[in-house]
Amino acid sequence: MCVRADFTEECETETWVWSPGKSSSDPNGFNLYLLRPRNNRGTKGLGVSVGTFAAAHNNNNNKTATLSSLSCLKNNNSTPFSSMPNLVQIKALFQQYSPVLYFHPKETYLPSSVNWFFANGAALHKRGDQSNPVPVLPDGANLPHGGSDDGTYWLDLPSGEPARSAVKKGDLESSEVYLHVKPMLGGTFTDVVVWVFYPFNGPATAKVGPVDVPLGRTGEHVGDWEHLTLRISNFDGVLYRMYFSAHSGGAWVDARRLEFVDGGGNRPAAYASRNGHANYSKPGGVLQGLGDEVGLRNDTAKGGLVLDCGRKYTVVAAEGVAEPPWLNYAGKWGPVIRYSAGREAEAVKGALRGSLKGKFENVVDLLPEEVYGEEGPTGPKLKDSWSGDEK
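FYI, full-length UniProt numbering numbers position 286 of the sequence shown as 286, with every residue one higher than the one before it.
No lab work stands behind these hints, which were simulated from the structure alone.
Here the structure is a predicted model, which means the values were calculated and not measured.
Ideal placement from N, C-alpha and C gives every residue a C-beta, glycine not left out.
Please note that the accuracy of each hint is not assured.
Unchecked claim - Straight-line Cα separation of at most 35 Å, DSBU-like style, residue types lysine-lysine; simulated pairs: (1) Lys-91 to Lys-357; (2) Lys-126 to Lys-282; (3) Lys-391 to Lys-381; (4) Lys-312 to Lys-106; (5) Lys-169 to Lys-391; (6) Lys-383 to Lys-302; (7) Lys-312 to Lys-91; (8) Lys-381 to Lys-44; (9) Lys-169 to Lys-22; (10) Lys-357 to Lys-391; (11) Lys-168 to Lys-282; (12) Lys-357 to Lys-312; (13) Lys-302 to Lys-391; (14) Lys-91 to Lys-282; (15) Lys-126 to Lys-168; (16) Lys-44 to Lys-169; (17) Lys-302 to Lys-126; (18) Lys-302 to Lys-312; (19) Lys-106 to Lys-44; (20) Lys-168 to Lys-302; (21) Lys-381 to Lys-169; (22) Lys-383 to Lys-44; (23) Lys-91 to Lys-44.
To be verified - Label-pair distances were calculated between CB atoms; the ranges are: (24) His-57 to Asp-308: 45 to 51 Å; (25) His-57 to Ala-92: 44 to 50 Å; (26) Asn-132 to Lys-302: 41 to 47 Å; (27) Asn-328 to Asn-39: 27 to 33 Å; (28) Phe-260 to Asn-86: 36 to 42 Å; (29) Asn-86 to Phe-53: 30 to 36 Å; (30) Asp-171 to Phe-30: 40 to 46 Å.
Just need the whole structure built from these sequences, with the hints factored in.
Given below as structure tokens:
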């Protein structure tokens, strides 16, 4: 098929599809790859994903030549985002596809609404005036707006007990999810990003060979934002795929591979890992690390605690929607440094012997920077995916 050059964009490989007799990409053989636009795939991007695929042997010259001869389409319409659903349609789509989020039976740190977090003692701290924290109004109206995450402001739990411990545990009954609706891939898809707020992220557990090693307070932080993304076709309103955020990344899962609630219908299931709240499409254990022997545990299971995302939700960002005050708060949702996580890890390492000690050192290398207090959590609007594509 011939298409004018100004209606095309460069492609890149997105996912491996197939290789003869293989269950994953063959580094030395023939492979099929699904393609996507290479350049800007954010909310302003005009590249369109139309199911283009490449067939190539996995040597660099062959693969490069194949990709250079293929193109994705580009939406050059003067109003490329005119096909986006209106607010009524957005709500209807979300009722159709709203996820159900299952928590581990031993989960301690549950989500809450942002308003509940504020109303139950969350305080705003300012650098240079740490001894005078300011209670946050229930709607966040007194939070500073705009600016950047420069470390001037941060939120924290209430300082006194029992309030501090109570807020850490969250409040599932108050929980609601917050929807960000945005155009993607030249306006051919709508992404409904489902944000979930947890007042507290619990400690990590390492797996070192056959041994589980609790990491003390390592991994704990205040103010945990996680999300799921529904990618819905603007041609027919069908759910195309779903994104599960996990730590600093995540994974897309095609709709046909999702688990749906009660074995049917259109509502996908999601599973939040114990303490860390990483999202996965299936229950079980995921080891974040080096092979099957060493890493950080991410355990999920279907317990009795469930967040029905369609029960209570608010559209906080979409065309024509007034954003809540807290959404434009650019400071951190937790303290810059609560403790020295490095010391916690070093103490555990010192108690290990032999090969376990070396393996544990590899686990410590996997810990994200925020665990060491070098980077605190920020709100949804400061994430790269807010105006871009998922990683």
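Which numbered hints does this structure break?
-> Violated: hints 1, 2, 9, 12, 16, 17, 19, 28 and 30.
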